[in-house]
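Asks: Below, each chain spelled out in residue letters.
Number of protein chains: 2
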Amino acid sequence: MAVYTDVGEEELASFLANYDLGGLMSFKGIAEGVENTNFLLHTERGYFILTLYEKRVAADDLPFFIGLMEHLAARGITCPQPVKNRKGSALGELVGRPAMIVTFLEGVWIRRPNVSHCTALGSAMAKLHQAGASFELHRKNALGIDGWKNLAHLAAPRADEVSLGLAQLILEELTHLENNWPRSLPAGIIHADLFPDNVFFLGDRLSGLIDFYFACNDLLAYDIAICLNAWCFEIDGSFNVTKGRALLAGYNGVRKLEKREADALPLLARGASLRILLTRTIDWLNVPPGALVRPKDPLEYLKKLRFHRRIDHARDYGLAA
Amino acid sequence: MAVYTDVGEEELASFLANYDLGGLMSFKGIAEGVENTNFLLHTERGYFILTLYEKRVAADDLPFFIGLMEHLAARGITCPQPVKNRKGSALGELVGRPAMIVTFLEGVWIRRPNVSHCTALGSAMAKLHQAGASFELHRKNALGIDGWKNLAHLAAPRADEVSLGLAQLILEELTHLENNWPRSLPAGIIHADLFPDNVFFLGDRLSGLIDFYFACNDLLAYDIAICLNAWCFEIDGSFNVTKGRALLAGYNGVRKLEKREADALPLLARGASLRILLTRTIDWLNVPPGALVRPKDPLEYLKKLRFHRRIDHARDYGLAA
Chain A
20 MAVYTDVGEE ELASFLANYD LGGLMSFKGI AEGVENTNFL LHTERGYFIL
70 TLYEKRVAAD DLPFFIGLME HLAARGITCP QPVKNRKGSA LGELVGRPAM
120 IVTFLEGVWI RRPNVSHCTA LGSAMAKLHQ AGASFELHRK NALGIDGWKN
170 LAHLAAPRAD EVSLGLAQLI LEELTHLENN WPRSLPAGII HADLFPDNVF
220 FLGDRLSGLI DFYFACNDLL AYDIAICLNA WCFEIDGSFN VTKGRALLAG
270 YNGVRKLEKR EADALPLLAR GASLRILLTR TIDWLNVPPG ALVRPKDPLE
320 YLKKLRFHRR IDHARDYGLA A
Chain B
20 MAVYTDVGEE ELASFLANYD LGGLMSFKGI AEGVENTNFL LHTERGYFIL
70 TLYEKRVAAD DLPFFIGLME HLAARGITCP QPVKNRKGSA LGELVGRPAM
120 IVTFLEGVWI RRPNVSHCTA LGSAMAKLHQ AGASFELHRK NALGIDGWKN
170 LAHLAAPRAD EVSLGLAQLI LEELTHLENN WPRSLPAGII HADLFPDNVF
220 FLGDRLSGLI DFYFACNDLL AYDIAICLNA WCFEIDGSFN VTKGRALLAG
270 YNGVRKLEKR EADALPLLAR GASLRILLTR TIDWLNVPPG ALVRPKDPLE
320 YLKKLRFHRR IDHARDYGLA A
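Chains as they are written, first to last, in our numbering: chain A, 20 to 340; chain B, 20 to 340.
It is possible that part of the hints are untrue.
For chains that are exact copies, the list does not tell them apart, and a pair is met inside one copy or across any two.
Said to hold, decoys possible - Result set (DMTMM-like, lysine to aspartate or glutamate): computed pairs, CA atoms no more than 25 Å apart in a straight line:
1) Lys315 with Glu28
2) Lys315 with Glu51
3) Lys315 with Glu30
4) Lys315 with Asp179
5) Lys315 with Glu29
6) Lys106 with Glu28
7) Lys74 with Glu51
8) Lys74 with Asp216
9) Lys103 with Asp179
10) Lys278 with Glu197
Calculated from the structure, these hints are not laboratory results.
Please take these sequences and the hints and turn them into a complete structure.
Replies: Given below as structure tokens:
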């Protein structure tokens with residue numbers, strides 16, 4: 020949880036004067052989202068989310084994200100829609116930061132997903148992959164396999180402070196993945212961060228996807244691997260194969276996984292584990308003084324990585340033969 | 020920035036089943052409020068605030084707060100209204116904490132109040148004092164003068180870590196205030212925490228008051244003293260007498276201050292400064308490891324206290340003769 024930047028009502032009023040949203044009725048900082056500052060905004064025209072982008076690097080990528088959210092919505096994927104100002108741009112500036120208003124998406128994220136949530140997630144992810152196929156902009160996955168070497172160099176020197184032997188494990192795993200990574204599988208737009216807090220439900224119905232700020236071009240099955248990690252493990256660290264089966268069946272019902280994708284799944288899942296293990300380790304070792312963010316536990320993903328190292332076939336994740 | 024207890028959607032759904040609010044459409048943690056956890060709740064019936072009370076001590080006082088908010092609203096003071104469950108109670112329990120739903124109040128709190136905001140605040144506070152006169156429950160001010168001795172004993176031993184000489188100043192000031200405190204002035208219901216973030220505006224119009232969890236019975240003019248501190252000093256520490264004049268004129272236009280109240284104002288303002296100085300000093304010295312709260316600067320209130328020690332007449336705050 021984090022609100023990094025407060026906004027005065029005067030700055031906000033003059034920012035909103037560029038939009039056709041009517042008068043400001045309330046705004047409140049939201050205690051969700053780690054990367055950016057989010058406010059719930061109520062104006063005479065309705066409810067919106069205002070996001071301030073805290074990391075300078077994001078600014079260049081914003082046209083990709085804006086275009087993608089519009090492209091997906093036009094193809095039936097429910098996601099927040101960028102609101103354009105009177106100049107026709109969705110991108111503005113507020114207290115010195117890139118800022119965007121998007122429509123408010125109803126729904127609740129599920130703290131403890133059950134089997135039917137996993138089915139719905141699998142199906143929605145496959146639809147996203149299909150809808151993304153015709154999107155023309157490209158964005159390299161900055162946190163994909165080509166970025167892990169840099170992350171490993173940042174994480175390794177002090178990784179043993181997190182867990183003894185972690186530094187060596189990271190470097191070994193990186194070498195193994197680089198030598199065996201399947202670079203010619205079906206690729207396209209992936210969300211790359213479909214953790215439960217980015218998937219909204221209304222009752223049992225999946226109502227939409229949010230937070231496209233890691234979306235990029237990468238292997239489609241890598242997105243599945245991320246979700247197996249994020250949705251199908253129990254709190255005690257055990258893999259729930261019923262949830263895995265549901266997720267994969269939900270996906271397969273929309274877009275059939277190719278055999279070579281299925282074969283690669285254990286390796287992709289190791290990669291997806293390493294990626295989160297690396298960024299969480301770095302965050303863990305670099306909590307800034309006075310931070311309002313409590314870092315997430317890297318060891319959760321060390322356990323997941325170790326689990327995947329023992330898997331040799333996607334049927335162990337529940338994939339139907 | 021809030022203490023923060025997350026609530027699962029299942030717990031929330033079963034909590035909401037006790038209310039006639041329809042289905043849950045969204046809920047988001049709000050990054051405001053220091054004492055409690057607040058969520059913005061959207062159900063089929065509208066928008067609400069759900070509060071979890073984090074400190075056990077509050078539970079006994081909740082009937083007072085609930086009754087007061089209802090009493091004030093019935094007398095024209097706009098404030099959040101407790102929502103009753105199907106058993107007719109506004110007080111429930113969620114994840115082991117006392118919990119309450121109140122109506123959502125539109126408005127924006129003013130980061131940098133101007134003179135007209137101060138007039139509106141003075142007037143609203145006087146109306147609150149008048150409306151509270153007929154409220155029948157009583158609540159002692161736990162952080163009033165009779166509580167300062169305990170606070171001073173908590174703060175003093177390490178107060179010099181905050182500012183050299185602070186411990187001695189606290190004890191001297193406490194003695195002076197205890198020997199001179201005017202105990203027979205007009206008393207009644209006060210809000211006791213009318214800082215700008217608890218006063219909402221829509222445009223230039225004051226739209227409501229929130230956060231009654233310090234409300235209590237105490238000297239009415241002490242509420243004014245709290246507000247002179249919270250609304251009429253500039254960021255550089257200087258007192259803006261134009262704002263003071265506006266606040267006092269706004270108040271006097273509704274409820275005329277008695278001469279003995281005006282005479283006591285410098286002393287009450289010293290007390291109001293000491294109270295905040297004490298709690299901020301204690302918070303500053305006791306930030307728990309991993310806290311998500313950044314403590315507020317105690318020295319701001321040390322400067323205000325020193326300012327008031329040099330004042331001998333309420334006209335120096337802008338009170339009209």
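Asks: Determine for every hint whether it applies to the structure shown.
Replies: Against the structure, the hints come out as follows:
| no. | hint | in the structure |
| --- | --- | --- |
| 1 | Lys315 with Glu28 | between (33 Å within a copy, 21 Å between copies) |
| 2 | Lys315 with Glu51 | both (14 Å within a copy, 22 Å between copies) |
| 3 | Lys315 with Glu30 | between (33 Å within a copy, 23 Å between copies) |
| 4 | Lys315 with Asp179 | within (17 Å within a copy, 36 Å between copies) |
| 5 | Lys315 with Glu29 | between (35 Å within a copy, 23 Å between copies) |
| 6 | Lys106 with Glu28 | within (22 Å within a copy, 40 Å between copies) |
| 7 | Lys74 with Glu51 | both (16 Å within a copy, 23 Å between copies) |
| 8 | Lys74 with Asp216 | within (21 Å within a copy, 28 Å between copies) |
| 9 | Lys103 with Asp179 | neither (48 Å within a copy, 53 Å between copies) |
| 10 | Lys278 with Glu197 | within (21 Å within a copy, 82 Å between copies) |
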